[in-house]
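Enquirer: These protein sequence lines map, in sequence, to chains A and B.
Counting in my numbering, the first sequence runs from 545 upward without gaps.
Counting in my numbering, the second sequence runs from 2 upward without gaps.
The hints are simulated quantities; they were obtained by calculation from the structure and are not laboratory data.
Being a predicted model, the structure only gives us computed values, none of them experimental.
Be a bit skeptical, because a hint or two may be false.
[Claimed, not checked] For lysine-lysine, the following DSS-like pairs were computed, each having C-alpha atoms within a straight-line distance of at most 27 Å:
id	chain 1	residue 1	chain 2	residue 2
1	A	Lys-572	B	Lys-327
2	A	Lys-646	A	Lys-599
3	A	Lys-677	B	Lys-326
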Amino acid sequence: MKSTVFLFSVLFLISVLCFPLQAEEKAKPAESRVIPGEFLVLFPERQALLAFEGKERAAATSVMLDMQAEYLKVRYGVSVENTFSAISETTGKGMFFVTCEKAKESAEYQEKLLGEMRADPLIEAVSPNEVRKMISVPVKPE
Amino acid sequence: MRDLRIWLAVAVLLFFPLPALASGQVPVEREHVPGEAIIVVETGLPGKGLSAQQFGGMLSAAAADIASQAGGTSGGITPAIASVTGKNLVLVRSAEKTTEELLAELRKNPAVQSAAPNYRIRLSRTPNDPYYTGGQQWGMTAIRAPSAWDTSVGSKSVFVVVLDTGIKYDHSDLAANMGRDLENNFGYDYSNGDLDPMDDNGHGTHVAGIIGAEGDNGTGVAGVNWNVSLLAVKVLDENGSGYFYDLVSGLEYVTDQKRRGLNIRAANMSLGVWYNRSDPNEAAAINQMDTACRAVSDSGVILAVSSGNEYQDISNPGGYLSNPKKPLVDYRGMLPYPASFRHANMITVTAINSSYRRPDFANYSPRYVHLAAPGEGIWSTYHNGGYEELNGTSMATPYVAGAAAMLAAAFPSESAGQIRSRILGNVTKTSNLSGIVASGGYLNLDGAVKNEQTWDGGDGGGGGCSAAAAVPASLLLLLPLGLLLKKR
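All chains, full assembly: derive it from the sequences and hints.
Expert: See the structure below:
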């Protein structure tokens, strides 16, 4: 009996050490918590925008961001809370912080909305807003 | 003992200053007194029966004669040195002649063994801050800050943004170096959504002190910059946690202020998260953080980021038990961000201890981490108004951000790329860091000021295939061929 328990323990340890779990099952390096109904949306780079400099680029960026914000509102019913205009102007990629009341209340809708926006060829990346521990202070080794 | 001291003095006077100063790497060290020269005259040792007074008189007469032949006067002799070495060092002055004319005349005289300008020799600037004079700030010596401080101690016209837990902006050692942004604020608090980026954790204040605690003010610690303009962008709360949105907003703040004309030359991010690209949410977050960091970099700001404290080789992260502090975390398939981004003006920093070795906790990688800096036993300002000793790559990173700011003050017309090359091209190389970081060394601020080496690290592309990686790959390709030939 003892040897069976020992064998199972060894096999379990080997499986834990040698076969990594799926991403969603893994322990996270730091505590994290998704904020329901809050998303960051990134549009692909517009090369044409980067051809402009100075005030012309600022004006072109403004027009691009207005159109992209309108698209998000109309197509997905989200509220555009903030526009990262300096990042957008520098990189040519429109970037927004949006919220959705319905997604705040329903985890199912949160996933549905995320899936739909991710499938949109006009959008490059969408991530839910989350809070994470980002610093650590190690103790000096003795 | 006295003889030894004299010989040391002679050695320093005769051999060290002249060639060192003649090579003239740093202009300030070449200053000399106009119309004055130091000459060496062979005198022989004083004979027996000759009193010190008589020997001195003989030296004075010979010196006056030589000086007068060159159109000058003798301003002083060194009988003690001459009594041991047989060589008299003489100061010659001329009111009419330039230094060059005086030197030319003196060198014509066969009795003169050598003649050199009377150089001004300055000791490296030493701040009077008690933690520095008490020897606790070993990191400043390690990065050769004292020599660099002869050239610059920073400038209030240079702004550095600290993206962290805030800054205790009224700390007695920081208040004078707090800057004001284009809206006349100390920065912004994205954690609480207000204009008061006061630190409630301590981490950000510690980082800020390393970059720019006021130097030579007789208080606490000296920063890499004695003078600078610090801006606090609070993106982390009192626990060191932050919203992804706040982090991106902080990077937007830096880009926006820079684009609108504020002279931000460096930003410090002593923070990071491990993400897994196979997770769609995390893959999207990587993409967005990458875009935001690229914006800061492309706008001409050097972005110094920490490699993290998870005991990992970032190029090949370990599985369970690889981090003794978090044994149940499997890092395989993940990378730390922003440490792993490789944009043109980004620098990723790991830590060294006072033995110039990487502490076990400090993440490393010859692919993603550029250099090391002091990160163990680091004293700096703290949010309680005092000072604290902390460890981590978080502490190493502000040495580099501070170096970037100091170099920007010394060489204001240089681009972020040029300053980054100064930093990475002039590290102090050590076998301890060979194969551990891309540059193979740790920060050398004095070397960066003198800029005797150039950086050809060839990074900044993100992907790419390095020569180092290509060699083993080609060997693998050749291996079957070799076996085949051996069989035949």
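Enquirer: None of the hints should be skipped; say for each whether it holds.
Expert: Going through the hints against the structure:
1. Using a Cα cut-off of 27 Å, the hinted pair Lys-572 (chain A) and Lys-327 (chain B) holds, with the two alpha carbons roughly 10 Å apart.
2. Simply put, Lys-646 (chain A) and Lys-599 (chain A) have alpha-carbon atoms about 39 Å apart, too far for the 27 Å limit, and the pair is violated.
3. Restraint check: the Cα-Cα separation between Lys-677 (chain A) and Lys-326 (chain B) comes to about 15 Å, which is no more than 27 Å; the hinted pair holds.
Taken one by one, the earlier hints fail for this structure only at number 2.
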